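S.K.: Residue numbers (UniProt numbering), protein chains in the order written: chain A, 1 to 208; chain B, 1 to 166.
Treat the hints as calculated values from the structure; they're not laboratory data. Note that the structure is a prediction, hence the values are computed from the model and not measured. Any given hint could be a false lead.
As the list claims (entries may be wrong) - Label-pair ranges, simulated between beta-carbon atoms:
(1) B:GLU77 - A:GLY205: 28 to 34 angstroms
(2) B:LEU166 - A:SER169: 32 to 38 angstroms
(3) A:THR94 - B:VAL139: 22 to 28 angstroms
(4) A:ALA81 - B:ALA129: 27 to 33 angstroms
(5) A:ALA81 - B:ASP31: 37 to 43 angstroms
Even glycine gets a Cβ: it sits at the ideal position worked out from N, Cα and C.
One letter stands for each residue in the lines below.
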Amino acid sequence: MAEQTLNIPQLIVVAIVGFVVLRWFFSSPSSSSSNAPRPSAANSGRRIDPVQVEMLLQMFPQVGIREIMWDLQRNGGNPNATTERILSGRGLETPPISFQPHATETSANRQSTSSSNSASTIAAANAKSSQPDLITRYNLSSKLSAASQGDQSSTKNTSQTPSGKQAWSQNKAERAQLLQRRREEMILAARRKMEEKDRLAARNGISL
Amino acid sequence: MASATASRRLMHEYRALTIDSPEGITAGPIDEDNVFEWEAMIQGPEETPFEGGIFPATLSFPKDYPLSPPSMKFTCEMFHPNVYPSGLVCISILHPPGDDPNHYEQASERWSPIQSVEKILISVMSMLAEPNDESPANVEAAKMWRERRGEYENLVREKVRKLLGL
Numbered sequence: 001m002a003e004q005t006l007n008i009p010q011l012i013v014v015a016i017v018g019f020v021v022l023r024w025f026f027s028s029p030s031s032s033s034s035n036a037p038r039p040s041a042a043n044s045g046r047r048i049d050p051v052q053v054e055m056l057l058q059m060f061p062q063v064g065i066r067e068i069m070w071d072l073q074r075n076g077g078n079p080n081a082t083t084e085r086i087l088s089g090r091g092l093e094t095p096p097i098s099f100q101p102h103a104t105e106t107s108a109n110r111q112s113t114s115s116s117n118s119a120s121t122i123a124a125a126n127a128k129s130s131q132p133d134l135i136t137r138y139n140l141s142s143k144l145s146a147a148s149q150g151d152q153s154s155t156k157n158t159s160q161t162p163s164g165k166q167a168w169s170q171n172k173a174e175r176a177q178l179l180q181r182r183r184e185e186m187i188l189a190a191r192r193k194m195e196e197k198d199r200l201a202a203r204n205g206i207s208l
Numbered sequence: 001m002a003s004a005t006a007s008r009r010l011m012h013e014y015r016a017l018t019i020d021s022p023e024g025i026t027a028g029p030i031d032e033d034n035v036f037e038w039e040a041m042i043q044g045p046e047e048t049p050f051e052g053g054i055f056p057a058t059l060s061f062p063k064d065y066p067l068s069p070p071s072m073k074f075t076c077e078m079f080h081p082n083v084y085p086s087g088l089v090c091i092s093i094l095h096p097p098g099d100d101p102n103h104y105e106q107a108s109e110r111w112s113p114i115q116s117v118e119k120i121l122i123s124v125m126s127m128l129a130e131p132n133d134e135s136p137a138n139v140e141a142a143k144m145w146r147e148r149r150g151e152y153e154n155l156v157r158e159k160v161r162k163l164l165g166l
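With the hints as constraints, model all of the structure from the sequences given.
M.R.: Set out below in structure tokens:
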């Protein structure tokens, strides 16, 4: 009997202690989850659009990617504000070292993507400067000469293009072919039209 | 799951654009095995220096399309105030809503799932005709367009001809 009455307060004490321990356990993750808003504030950093970062980097290659990301994160991902800030000559703040953890996580890949991106844009720009025109790019020179040889057939072709509301094919390869043909016809028609304009201009004695 | 929805929607749009394409626009997947990468051709609008030109561009769709907008990049040289030197197009319809706390753009102008590839391409066409001076992507082009319109137009015309191999 006495043992049982002793047991009940003991049980209560155990329950209380257990409760407190559990509270403590739960509170420690929750205190770390109260830190979580900081990563989620840095999550607004995750909301930083890599496209925006890339845009800004292209506009201001002299500014570092971390400065751009830091500023974007602080102004809530507003590239216009960042742009204005850079243009106003105030310059961007140097991000604190504590910005690193989040930055390394995303900007590491970003840096790699952006560097590969900038490499590819440089490559693209180089390719662009030496980029062939659409005729060479889409291998249309043979079709162009064929078209200019038979001018009537080409005009027939152009008359086909405006009415070119093609049907939808169930076949994948056929669809791809149709699309390619429509693309080519568009380029060839434009080229022919431009040549025609040149001819008219030359006839009227107007240069260009 | 989301990407399945996106592919279905993209195929649907591809079909609609094939059957009834707007004047001067051709668009579709580069390779149907990957419907998230498209190539589009846009005709230069008439009575603009871009008239007579054909401009190729790529469209990259996110996996959660149509919740997020695609990005669009010209793969030819484009000298235009709203096109970055890299070819990336910067117009409001390609910006997700809520992207602009300064309210330069109205929400209705920005991307929403009820927009479509067709609407993007039509917007880009009208952008070629009427550059938006407020947020220039190519500062040099914007400046020339504003201050030396004649020179800008001649430069564009020259590029159009070069692109067609003339």
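S.K.: Each of the hints needs a verdict: does it hold here or not?
M.R.: Okay, the hints, checked on the actual structure:
Taking the beta carbon of each, B:GLU77 and A:GLY205 are about 31 angstroms apart, inside 28 to 34 angstroms as hinted. At about 34 angstroms, the CB distance of B:LEU166 to A:SER169 agrees with the hint of 32 to 38 angstroms. For the pair A:THR94 and B:VAL139, the beta carbons lie near 25 angstroms from each other, so the given range of 22 to 28 angstroms is met. In this structure, A:ALA81 and B:ALA129 meet the distance hint of 27 to 33 angstroms, their C-beta atoms being roughly 29 angstroms apart.
Look at A:ALA81 against B:ASP31: about 39 angstroms separates their beta carbons, and that is inside 37 to 43 angstroms.
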